[in-house]
Amino acid sequence: MLQFFLKRSGQLLITLLGITVLTFGIMHLAPGEPTVVQSEMNQKVSAQAREQLRKLYGLDQPLWKQYGDWLERLVRFDFGNTFTDGRPVATVIAEKIPITLAINLLSLILIIAVSVPIGVYAAVRQHSPFDKMTTVFVFIGFAMPGFWLALLLMLLFGIYLGWLPISGYETLGVSMSFGERLIDWGRHLLLPVFVSAFGGLAGFSRYVRSSMLEVTLQDYIRTAKAKGLDERTIIYKHAFRNSLIPIVTLLGLSLPGLIGGSVIFETIYAIPGMGQLFYQAVTSRDYPVVMGITVIGAILTLLGNFLADLSYGLVNPKVKSTAGPGG
Amino acid sequence: MRQFWIHFKRNRLALSGGLIVVITLAVALLAPLIAPDDPSAIHVNAILMPPSSSHWLGTDALGRDVLSRMIYGSWSSIQVGFIAVGISILIGILVGAVAGYYPGWVDIFLMRLVDIMLSIPTFFLILAVIALVGPSLINIMIVIGVTSWMGVARLVRGEFLALKESDYVIAARALGVPASRIIFRHILPNAMAPVYVSAILGIASAILIESALSFLGLGVQPPTPSWGNILTDGKANIEIAWWLSLFPGLAILVTVLGYNLLGEGLRDALDPRLEK
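Chains C and A supply the protein sequences, listed in that same order. Just so we're aligned, residue 1 is where the first sequence starts under this note's numbering, counting upward by one. Just so we're aligned, residue 1 is where the second sequence starts under this note's numbering, counting upward by one.
Please keep in mind that the hints were generated in silico from the structure rather than gathered at the bench. Please read these numbers as outputs of a predicted model, since none were measured by experiment. Check the hints yourself; a few may be wrong.
[Stated by the list, open to error] Computed footprint of chain C on chain A, listed as stretches where at least three residues anywhere in the stretch have a Cβ under 8 angstroms from a Cβ of chain C:
#1 107-118
#2 128-135
#3 252-266
[To be verified] Result set (DSSO-like, lysine-lysine): computed pairs, CA atoms no more than 30 angstroms apart in a straight line:
#4 C/K237 with C/K132
#5 C/K237 with C/K227
#6 C/K132 with A/K164
#7 A/K164 with C/K7
#8 C/K132 with C/K225
#9 C/K237 with C/K225
Quick reminder that beta carbons are idealized off the backbone N, C-alpha and C, glycines included.
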């Protein structure tokens, strides 16, 4: 297990380094120097900001030195200052992260809580009406544009029925007791969390279903059946636990999608999180913020994957002896 | 191949997916012939009109016919879908083939690159690049293509690892056939079937990404219509014009569904073992 942990940590570091190279490369993707492009495209950016960018990236230095300096700042979480209000990017991001993380965590919980029972039940009752309905739901879930779902729900619950607020995450300018505040948050976050979870719900239900079906074809399940164990024991003790193994991995892999999706629902529901900050930075070409969030988004994803990997190692005893599926 | 058709024809869902794909393609290509109105014709006396006999799906804030804009908008989506996927398939095949054929550090390096690309939230990556190069039809095609080749690369690599040891490849190598010829002429044609499937599914996801980008104002730029940017108007007028929010999204849903059903159907037909 220790060897597995060390190997994974090593890979994590290499990937992290790769991400920084890639992000750094993106900055240089733009035709000419980033500072030039930026002043052409956005008159609002002052000469002072341009000078700041030049200093941040050391554009008069050789490329390897630019990268080295940038990386050194990155390690200290120094992403420079924003163009818009001149505050440190790291501070601005730190303010916005909690709400985004909270929504993503809630949708992850929702995804697991709903899709696991659906997937298991659909697999156990294969070809039943419930199973067929699940398949339809999965196909619609895959094809549904998240932002359209957000609009529809806004239209239905916010405007026609008037049940839920359609923007922000809390009612501003009203003092409430803690209990009331909690309900207020809940009412604001219900739609964003649901929208953010929707695609994942479909993907996961399908995955749990096929994972369960696959496991039920294994020899040890047949053995258990032959032994005369009752169906409930077979499903929950034997099949379900083994089908969980690949699901843990998928959980890690679904993180980039979830975090990336924050841009959409935070913009639509006017939630002041990292996604909205990112969107505003992109439209106002606030490069230090764009680059900062890209790197932090990647780090969050990596951490998620790493945790998923570790728990994979915990669930699956086979991993402990070998070093896991490399590459 | 016959086996394939038998399986495919039996799959009614896949057939209806294929039908949707054909219809959307026809609509996109024949837009000028079937659209009831000029998509940019402004009718000042018919602003934000609900669906009626003169404008079947209503009009937008400039009094333009929503149905006509949607018909022309399909062309944006189809273009982005096909070209972005073309780019991603090309990169994916190249990376996957090289990684699968050359074990050792080349393989390790390329697969690590795939891991890195996969760990950056794709949507962030796309938006970051768009912020630098600016939003336009061409740019989003390229950006979507360049950020979505990883799945294909893994797929092709897997096929190559399996096919590399087959007798005909070993024979070709023994005969001194150059590596590039073995890769592209001998192995690749046999590795293509799953790539086609993933291409069709890729078109679906490219259309989804394009519509989201256009919705956010970072994709197809008005006045060129696209399903995504009609929905932007839908959001701006959400309290008064439900039709602007409903119909374009439905078009996206149905189109993406069509490609997904077709792709899944093809996959099942290519691999009948999966059919349980």
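Problem set entry | Numbers of unmet hints, in rising order | Violated hint: only 6; rest satisfied.
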